[in-house]
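S.K.: Go by the hints and put chains C, A and L onto chain E.
Chains as they are written, first to last, in my numbering: chain E, 1 to 288; chain C, 289 to 576; chain A, 577 to 864; chain L, 865 to 1152.
Derived from the structure by calculation, the hints contain no laboratory data.
Careful: at least some of the hints might be erroneous.
According to the in silico footprint, chain A covers these stretches of chain E (three or more CB under 8 angstroms from chain A) [stated by the list, open to error]: (1) 244-254; (2) 258-271.
No more than 20 angstroms apart at the CA atoms, straight line, and that leaves these computed lysine to aspartate or glutamate pairs for EDC-like [what the hints assert, rightly or not]: (3) L:K1056 with L:D970; (4) A:K801 with E:D236; (5) A:K817 with A:D839; (6) L:K1105 with C:D551; (7) E:K194 with E:D106; (8) C:K541 with L:D1100; (9) L:K1089 with L:D1007; (10) L:K1152 with E:E91; (11) L:K1089 with C:D524; (12) A:K829 with E:D236; (13) C:K425 with C:D412; (14) C:K368 with E:D236; (15) L:K944 with A:D839; (16) C:K576 with A:E667.
Think of the CB as a built atom: it goes at the ideal place given N, C-alpha and C, for glycine as much as any other residue.
There are 4 protein chains.
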Amino acid sequence: MKKIFLLLFLVVAGASAAQAQRSQIVKDTLRSNILGEGVPYNVYLPAGFNADSGQKYPVIYLLHGLYGMQEDWQERGRMKDVADLLAASGEIGPVVIIMPCAGHEDVHNVQNGYFNMPGRSYEDFFFQELLPQAEEKYHCIGDKAHRAVMGLSMGGGGSTVYCQRHPDMFSSCYAMSAWLDQEGERDYVGDKEKDKLYIVAKSVHDHSALEFVDKADEKTIQDLKSVAWFFDCGDDDYLLKLSVALHFSMMGKGIRNELRVRDGAHTWEYWHTALYQSLPFAWRNFGK
Amino acid sequence: MKKIFLLLFLVVAGASAAQAQRSQIVKDTLRSNILGEGVPYNVYLPAGFNADSGQKYPVIYLLHGLYGMQEDWQERGRMKDVADLLAASGEIGPVVIIMPCAGHEDVHNVQNGYFNMPGRSYEDFFFQELLPQAEEKYHCIGDKAHRAVMGLSMGGGGSTVYCQRHPDMFSSCYAMSAWLDQEGERDYVGDKEKDKLYIVAKSVHDHSALEFVDKADEKTIQDLKSVAWFFDCGDDDYLLKLSVALHFSMMGKGIRNELRVRDGAHTWEYWHTALYQSLPFAWRNFGK
Amino acid sequence: MKKIFLLLFLVVAGASAAQAQRSQIVKDTLRSNILGEGVPYNVYLPAGFNADSGQKYPVIYLLHGLYGMQEDWQERGRMKDVADLLAASGEIGPVVIIMPCAGHEDVHNVQNGYFNMPGRSYEDFFFQELLPQAEEKYHCIGDKAHRAVMGLSMGGGGSTVYCQRHPDMFSSCYAMSAWLDQEGERDYVGDKEKDKLYIVAKSVHDHSALEFVDKADEKTIQDLKSVAWFFDCGDDDYLLKLSVALHFSMMGKGIRNELRVRDGAHTWEYWHTALYQSLPFAWRNFGK
Amino acid sequence: MKKIFLLLFLVVAGASAAQAQRSQIVKDTLRSNILGEGVPYNVYLPAGFNADSGQKYPVIYLLHGLYGMQEDWQERGRMKDVADLLAASGEIGPVVIIMPCAGHEDVHNVQNGYFNMPGRSYEDFFFQELLPQAEEKYHCIGDKAHRAVMGLSMGGGGSTVYCQRHPDMFSSCYAMSAWLDQEGERDYVGDKEKDKLYIVAKSVHDHSALEFVDKADEKTIQDLKSVAWFFDCGDDDYLLKLSVALHFSMMGKGIRNELRVRDGAHTWEYWHTALYQSLPFAWRNFGK
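The shape of chain E in the complex, shown without the other chains (with noise of 0.2 angstroms):
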C-alpha cells in the first residue's frame, strides 16, 4: 500500500508555534506594606499582550469566595477558556484580568475576606497597593470608564460592595450567588475573636450591601447609577434571596440592574458559564 497519511495534528501543532503571542495566566505576587506579606494573584493577558508596545488595556478583577484562593477561577473556573473563546470570536475585546488571592481552604485559621478588618485592612490593600501597582505593571488604562469587577460568592459581595463604596472607580459589577448581607442568631464555634470564620462573617454583616442602598442619600444614589449592575445567582442557591432582594431595593431607587435566575446552585459549574455573560457585559460597558 502506498498511500500515507497525513498527521494533521503535527500541522497544527506546528501551526500554532508560528502563531501570534498567545493568552496566558501569569502568576505574581505583590509585596504588601498593608498586610505585611507577599499577597499572590494570577492574571489573565490576552493574546497578543505586548508589554513593549505602549498600548493600554481595561482591566477586569474576577473574585474568587470563602474557602478560596487566586488559583481557583483558572483550576476550577477554567476562566481562561471561556475568556480565550470570547475573544475569538470578538464578544470581549483584549483585557487583563486580574486575580488576587483574599482567602484561604482553611477559613477557620487564615483570614478571609474583601474588607478593612481587625488584623487585616484587605481593602486598603486592594485600592492602594494591588490596584495602582497591578495596573500599571500590565499596562492597563486605569480609569474608572475601563475597570470592571466581578466575582462570586464572597467575592460577589466584595464587587458589590467595592462598587457601592468606590463607584468612582468601576464602570460595571457583575455578582454572581453573592454573599451580600449576613445575619442570624447561630452561636459562633470556638472563641469568636479568633474563628476567622466568624470574623469575615462579621465583616459581611457589618459591610451589608443592602443596608447601604437602604440607607442611600440621593448624592449615593446618582453615583451608583453610574456604574453597571448584574446580579446572577442560581434557583436553587441558598443565597438568591439576598441577590433578589437587592435587586428590588436598587430598582426601588431607581437604580437600574440586571437580574438573572439560572438553573443551579452554589456550584463552579454556574460561575464558569456565568462567565459567559459577565465577560461580555464587562466589556461593552467598557469606554461608556
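M.R.: Positioned in the frame of chain E, the structure of chains C, A and L alone reads:
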C-alpha cells in the same frame, strides 16, 4: 455586641451529609482477554444509584479523544458538574455514564483508538467484554433503546462508526468535533509499522464514516435510520469539513441527523458545553 | 447564453405538498351550558396527527393573559413556529395544544379570567366541559401523566392555581410572568359591581396562589409535590416579586420548583422565548 | 368588604405615557430617479431618538428575502421586539435600522432583488439614493465604521454581495440562510425574458458570492478582511451548503468569518432568533 452570626456554610455542609446518595465517579478496571491487559474505565453513577434496589439504568458511553484517557472527561471536561446540573432540573434522568480508556498521551508509542487494528482489537474488546460486563456490573438495562454513545474528536469518530457498524446496539449517537475520516499525502514520521499515531490514523482511514455512508446499501440505510444522530463541531475546528460532509451525505440518503456549528475550535471548552446538548439528546432518545 | 437556473423555490414548494400531514391550528368553539355561551378555542395539532389512527396524544393547555383571547398565542406569540421547530428536532414529541378563550381586550366590559366569579364559573367550565370534551374530540390520552398547563400573566396565575386546586389533573405547570396574587389600597374605577377588571382582580385576590401555599396542610403539600413546577419571569417585569415569593414559599415547604429570571419585561417577546423552555419541560414531565 | 384592589395595569399604562420617547417604526418612501418609482422603506428609531438633538446614530440595513417587502421584518420577524429587548439590557446601543423594499410576493410578475439587472438597477438605487438620503434624514453617522448590513435568504445574499463589492462601506455583514449563488439545469417556467423569478435567479448567479471569493486577488482579499463576517444557517435549510461553502472558501483565503449552524430550516422563527446574535454582532463591530 450581642449579635451572633449564622455560619451558613457549616449548616449547608451538615445538610449535605444528610442528603440522599450523591452522584459519584467510580474508577474501575476490566481485565481484557482480547487486549491482554487491564483496561481502566471511569463510571458516573447518578444520584440515588443503589446497586441493591434492583433498579436498572440506561447507559451512555462517553469517549475521549486522541492523546486522551479515561480521566479526561472528568478532569478536563468536568462532565460530572454538567450531568449533576441537568439531573437536578430534570433535563436528564438517572443514567450511568461509562468512560473507557482507549489511548494515552504518548500517541507515538502507546496504541490508541476505538477500532480493531494490527495488534489491538479494541472494537472486539468494547463489544464483547466491556459492554456486557460493565453493563451488568453497573445495573444497566442493556438494550438498544437504553444505550447511547457520544464522544469528542477520535471519540466522536468512534461513536459514529460504532453506530454505523452496530446500529442495533445504540439508540443515539452524538459526535463532537468528530474525526470521521483520514486522507492525505504526507509522509509518516519514523517507521510506519511502529508509529502508533500512523497506525491509528490508518485505522480511521480504513473505517471512514464518510465512505461507509457512500457505500451503504438499502438495508444498511434502513438500519442507520434507527439511530438518532447529532453532529456538533466548532466553526474554528480544523475537522469541521468532516462533520459537514457526513451531515450532507446522510441527508442525501434520507438519514435524518442534527448538525450544529457553534462558536469554537477543537477545545475542551467546546466539548464541555456540548454536554448541555448531548446528555439531554441521549436521554430523550431513550426508550423510543 | 445556454445556462438555465434551478428554480429552487418551486421545487421546495412541490416537495412540501408531498410531505406528511403538517402541523396545523384548528379554530373551534365549545357551546358551554355552564357559561351559557359559545367559547372559542384554538387547537394546535402536531404534524402527522391523524384522527383515524387510534393514536392518542398528551395535551398542553396554553393560557393567554388579561386583555387576551384564544388567538393571542399564535398571532402574537407565534406558538406554532416554536412548537414546529422543537418537534422537528425531537425536543418535544407529538402533542396537542389547546388555547381556550378566557377574556377580551375590553377588560372593563367583558368578563375575564380563569376562576369562578360572580356571574361566570369559568373554572367549572374548564374542568367539566372544555377539558373532557376537547380531549375526547382531539384524541388526548386524558390522564394526569399526559396533561400539562402553562400560560402568561393572568394565564400563568391560572395555570398555577389550577394545579394547586387540581394537582391530580396535571403533570406539570409552567407559569410565565404570573399574576399570582392581587392586593392593594387603590380605589376601583366606576361601579365596582360592574367593572369587570375590578371583578377579575378580586378573583385573583380570592384565589391567591401565595396564600394557598401558606395555608397548605401536610396532605396538600404532598399533593403539590406530585406536580412539576416552573416559574419564569423577566427581571424588568412588574410582577416579578410574585414569582419569586412563590418560589421561596414552596421551597420552604419542600415543594421543589424551577425558577428562572431572564432578561425582559411583561412582553410577548418574553413569552415567545419562554416556549423554548416550557414546551420541552412539559414534554419531559409527561408519562412520569 | 372594604378591601379594594390595586389595578396594576392602569398604573403601568400611566407610567408608560410618562416615560421617555419609545422606540418606533416609521414608514417612509423614497422617490427614486434611478428606479423611476417610489420605494417604500421602514425605519426603526431607537428609544430616545431625537431629530433635534444633533446626535448621530450608527445604522443597520436589514434586508428581507424573496417574496418579501419592507414590512416583513416587523410583521413576521418581530424585529422591534428583539431590538427593544437588547437595547433595554445594553446588548445594543441606540441604532437606526433601515428596512427597504426590494421585492414583492408576486415574484413572477414583480421584479425582485438587490442587484442591478435588466430593467432595474437596485444596487445603484441603494448606494446612490437610499443610503445617502435615508442616512441624512434619520441622522446616521454615515461612515463604514458605523454602518452594518444583514438580511435573510435573498437579503443574506444581498448583504454579502454588497459587502464584497463595497467593503469600504460596511463594518460588518450578518447573512442568514443566505442565497449566495444559483446554478442548475432546470428549465425556467414561461418566457425567461419576462419571468421575474428567472431574472432574479439569474442575477444571483451573475453575482455569485462564491465565485467572487474564488476570483479575488490579493487587494480584494485585503479589502474583504476589513469587514466582520457572520454566516448563520439552519441545519434543515436547503441553502445550507452555500453558507458552508463560503465559510470554507473565505477561511482558505485567510478571511476570518463566523459560521453558525443552529437548529432549524428556512423559516421566520430562525430569522427572528438570529436577531439575538446579529444585532449585538453589528453593534460590537461599530467604531472599530
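S.K.: All the hints need checking, so say for each whether the structure fits it.
M.R.: Against the structure, the hints come out as follows:
With 3 residues carrying a beta carbon less than 8 angstroms from a beta carbon of chain A, the segment 244-254 of chain E meets the three-residue requirement, and the given coverage holds. Residues of the segment 258-271 of chain E with a Cβ under 8 angstroms from some Cβ of chain A number 6, which satisfies the need for three, so the listed coverage holds. Between the alpha carbons of K1056 of chain L and D970 of chain L the distance comes to roughly 16 angstroms, so the proposed pair stays at or under 20 angstroms and holds. Of the pairs offered as hints, the one joining K801 of chain A and D236 of chain E holds, with about 17 angstroms between alpha carbons and a cut-off of 20 angstroms not exceeded.
Using a Cα cut-off of 20 angstroms, the hinted pair K817 of chain A and D839 of chain A holds, with the two alpha carbons roughly 15 angstroms apart. A C-alpha spacing of about 18 angstroms is found between K1105 of chain L and D551 of chain C, which places the hinted pair at or below 20 angstroms, so the restraint holds. This hinted pair checks out: K194 of chain E and D106 of chain E have alpha carbons roughly 13 angstroms apart, not beyond 20 angstroms. A distance of roughly 14 angstroms separates the Cα atoms of K541 of chain C and D1100 of chain L; the hinted pair therefore holds under the 20 angstroms criterion.
As the CA atoms of K1089 of chain L and D1007 of chain L are separated by approximately 17 angstroms, the hinted pair is consistent with the 20 angstroms bound. Restraint check for K1152 of chain L and E91 of chain E: the C-alpha separation of about 13 angstroms stays at or below 20 angstroms, so the hint holds. With a C-alpha separation of about 17 angstroms, the suggested pairing of K1089 of chain L with D524 of chain C holds against the 20 angstroms cut-off. Restraint check for K829 of chain A and D236 of chain E: the C-alpha separation of about 14 angstroms stays at or below 20 angstroms, so the hint holds.
At roughly 19 angstroms between alpha-carbon atoms, K425 of chain C and D412 of chain C fall within 20 angstroms of each other, so this suggested pair holds. Note on K368 of chain C and D236 of chain E: the hinted pairing holds, with a Cα-Cα distance of about 17 angstroms set against a maximum of 20 angstroms. Using a Cα cut-off of 20 angstroms, the hinted pair K944 of chain L and D839 of chain A holds, with the two alpha carbons roughly 16 angstroms apart. Our distance criterion of 20 angstroms between C-alpha atoms is met by K576 of chain C and E667 of chain A, whose separation comes to about 13 angstroms.
The structure meets every hint from the earlier list without exception.
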